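Asks: Using the sequences plus the hints, can you model the full thing?
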Amino acid sequence: MALWVTLAMGLACRSRATEADADAGATGRVAPVNAMLPACEVLLPSDVRESMLPGFTMKEDRACPTCGPLCTFRSASEKDVTVSVTWDCKPHYSQADTQALLQPTLSLGGEEIPALGKAAARRAPAQGMLQVMAWDDDTPCALIVTWLGGSPEQALDVARLALGATRPDSFRVPVPPESELDSGTP
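In terms of UniProt numbering, the sequence shown opens at residue 1 and continues consecutively.
Honestly, the hints are just simulated from the structure, not real lab data.
The structure displayed is predicted, hence computed values, not measured ones.
The C-beta atom is built at its ideal place from N, Cα and C for all residues, glycine as well.
Please note: incorrect hints may appear among the correct ones.
[Stated by the list, open to error] Here are the simulated lysine-lysine pairs, DSSO-like style, with alpha carbons at most 30 Å apart: (1) K90 <-> K59; (2) K79 <-> K59; (3) K118 <-> K90; (4) K118 <-> K79.
[As the list claims (entries may be wrong)] Simulated restraints on C-beta separations: (5) K79 <-> D138: 33 to 43 Å; (6) D47 <-> S107: 29 to 39 Å; (7) S94 <-> P114: 18 to 28 Å; (8) P54 <-> P104: 30 to 40 Å; (9) G55 <-> S94: 33 to 43 Å.
Replies: As structure tokens, then:
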């Protein structure tokens, strides 16, 4: 099962990695901005996780060089159910046309999901798997939820709750006070 989740995340991030390469131009690769995204604990606080996936355990990994943390959830009662949530943040997502955001997923047989974030689409890359991609209204981030096993339609509910928990201040790195900067204190 972990293989399916890994493959699905690889597909989701690979298309955006090529966008990053194109954004960089001929001079080289874009620095992996998403490598600085906060941990799953910050992006999905415990109260959100418990209402989103009660009875699931969470593990954090890195999805790919250009994606945020991969929060993987496993059901204690349904051993064949695995859910992953990750973020992909790029400045151009804020200004991008919604149809341009949706087109890659729609061209792979996906369908648009109305009234979920700035834009959202779903697709079933394999039997028993549902992947939901939703672009946040408040941040330049796409949220990718992959549900494998059990009732994959629940991926829509997870995406809705995770988008609601995604706040602009979750992505800000705290800056030390000026007095600490001047004194040389780390």
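Asks: Determine for every hint whether it applies to the structure shown.
Replies: These are the hints, each one checked on the structure:
1. Straight-line distance between C-alpha atoms of K90 and K59 comes to about 24 Å, which keeps the hinted pair within the 30 Å bound.
2. Restraint check: the Cα-Cα separation between K79 and K59 comes to about 15 Å, which is no more than 30 Å; the hinted pair holds.
3. Between K118 and K90 the alpha-carbon distance is near 14 Å, which keeps this suggested pair within the 30 Å criterion.
4. At roughly 34 Å between alpha-carbon atoms, K118 and K79 are farther apart than 30 Å, so this suggested pair is violated.
5. Evaluation of the 33 to 43 Å hint for K79 and D138 yields a pass: the beta carbon distance comes to about 36 Å.
6. For D47 and S107, the hinted distance range of 29 to 39 Å is satisfied, since their beta carbons lie about 37 Å from each other.
7. For S94 paired with P114, a C-beta distance near 20 Å keeps the hint of 18 to 28 Å intact.
8. Judged by the Cβ atoms, the range 30 to 40 Å given for P54 and P104 holds: they are separated by roughly 33 Å.
9. Distance hint check: the CB atoms of G55 and S94 are about 36 Å apart, consistent with the given range 33 to 43 Å.
When the structure is compared with the earlier hints, a violation turns up for hint 4 alone.
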